[in-house]
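Visitor: Sequence:
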Amino acid sequence: MNLMNYGKGVNFRKTTELKHWLLLSASFSCLLFLIRVIATGSLSYLFLPWNLFLAFIPYAIVHWFKSNIAIVENKISLVGLLAVWMLFFPNSFYIITDLFHLSSFHTAPKWFDLLMIYSFAWNGVVLGIVSLSKMEKLLGVLWGKKFSVLIVFIVMLLAAFGVYIGRYLRFNSWDVITDPFSLLISITELFFNPFDNGYVWAMTTGYATFLTLLYFTIRKLSEPLQ
1 MNLMNYGKGV NFRKTTELKH WLLLSASFSC LLFLIRVIAT GSLSYLFLPW
51 NLFLAFIPYA IVHWFKSNIA IVENKISLVG LLAVWMLFFP NSFYIITDLF
101 HLSSFHTAPK WFDLLMIYSF AWNGVVLGIV SLSKMEKLLG VLWGKKFSVL
151 IVFIVMLLAA FGVYIGRYLR FNSWDVITDP FSLLISITEL FFNPFDNGYV
201 WAMTTGYATF LTLLYFTIRK LSEPLQ
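Counted from 1, the sequence shown has number 72 at position 72 by the working numbering; the numbering is strictly sequential.
Hint data in this document are derived by calculation from the structure and do not stem from the laboratory.
Heads up, some of the hints might be wrong.
[As the list claims (entries may be wrong)] Heads up, simulated PhoX-like pairs for lysine-lysine below, C-alpha to C-alpha not over 25 Å straight-line:
#, residue 1, residue 2
1, Lys137, Lys75
2, Lys66, Lys137
3, Lys75, Lys145
4, Lys19, Lys146
5, Lys19, Lys66
6, Lys145, Lys220
7, Lys137, Lys220
8, Lys146, Lys75
[Said to hold, decoys possible] Simulated restraints on C-beta separations:
#, residue 1, residue 2, range
9, His106, Thr188, 35 to 45 Å
10, Phe192, Ile38, 20 to 30 Å
11, Ile187, Leu78, 23 to 33 Å
12, Ile38, Leu114, 10 to 20 Å
Model, not experiment: these values are computed from the prediction.
Heads up, the beta-carbon is just placed ideally off N, CA and C, and yes, glycines get one too.
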């Protein structure tokens with residue numbers, strides 16, 4: 001299929017409205033964080049806006065794709081951009097695990113911290129779903145719809161594995177450049193000793209299944225509203 005078909009039929013008014021709602025929702029999350037900082041004088045949850053920024057990167061990359069179709073037509077450039085997108089994509093869902101910190105800080109009411117973390121996590125999930133939806137459409141144009149659906153399952157599996165690497169091994173997207181050898185050694189050990197790391201694959205499979213179901217459910221729910 002011709003890449004010129006990519007984006008045809010898009011309701012640009014609705015796309016613009018979605019961007020506005022995403023911005024409003026993200027602003028609300030940041031406002032909650034700012035209120036907490038002012039009320040408590042603590043920057044304990046500073047990682048939340050930073051993680052949200054990282055979650056925004058794959059969304060921005062896909063949006064950039066649509067404005068630079070000529071570059072996407074180059075296979076080498078496309079593979080490179082897909083790799084960068086996949087590198088940052090797990091950050092969209094990583095914020096879910098920030099709920100682990102709910103009992104770590106006690107300078108604000110727990111209900112407020114719960115609301116704040118949920119708010120950031122929701123924005124990360126939405127950015128991830130929108131980003132993947134756009135990427136699925138692009139890959140569907142390039143290689144066919146069936147292939148793009150298969151890619152969704154693979155991407156969610158890699159994303160779940162990335163969440164584990166970030167949460168428990170404490171690596172982030174930048175370590176691919178700043179500390180690639182340590183990252184490679186850690187990942188290799190997991191693959192060469194799968195039975196000694198059963199919890200890793202249990203978490204990865206569980207999260208991948210949940211994220212895949214979440215993605216397709218939200219996508220199907222949105223179809224009658226379009």
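Visitor: Each of the hints needs a verdict: does it hold here or not?
Guide: Here is what the structure says about each hint:
Of the supplied pair hints, the one linking Lys137 and Lys75 holds, its CA atoms being roughly 17 Å apart against a limit of 25 Å. Restraint check for Lys66 and Lys137: satisfied, since their Cα atoms lie roughly 11 Å apart, inside the 25 Å limit. This hinted pair checks out: Lys75 and Lys145 have alpha carbons roughly 19 Å apart, not beyond 25 Å. Proximity of Lys19 to Lys146 is assessed by CA-CA distance (about 28 Å); at most 25 Å being required, the pair is judged violated.
Pair hint Lys19 plus Lys66 holds up; C-alpha atoms about 15 Å apart against a cutoff of 25 Å. The suggested pairing of Lys145 with Lys220 holds, with an alpha-carbon distance near 16 Å, which does not exceed 25 Å. As the CA atoms of Lys137 and Lys220 are separated by approximately 14 Å, the hinted pair is consistent with the 25 Å bound. In summary, the hint linking Lys146 to Lys75 is supported, as the alpha carbons are separated by about 20 Å, within the 25 Å threshold.
With their beta carbons about 40 Å apart, His106 and Thr188 fall inside the hinted range of 35 to 45 Å. Evaluation of the 20 to 30 Å hint for Phe192 and Ile38 yields a failure: the beta carbon distance comes to about 49 Å. A hinted range of 23 to 33 Å holds for the C-beta pair Ile187 and Leu78, which are about 25 Å apart. Distance hint check for Ile38 and Leu114: the Cβ-Cβ separation is about 19 Å, which falls inside the suggested range of 10 to 20 Å.
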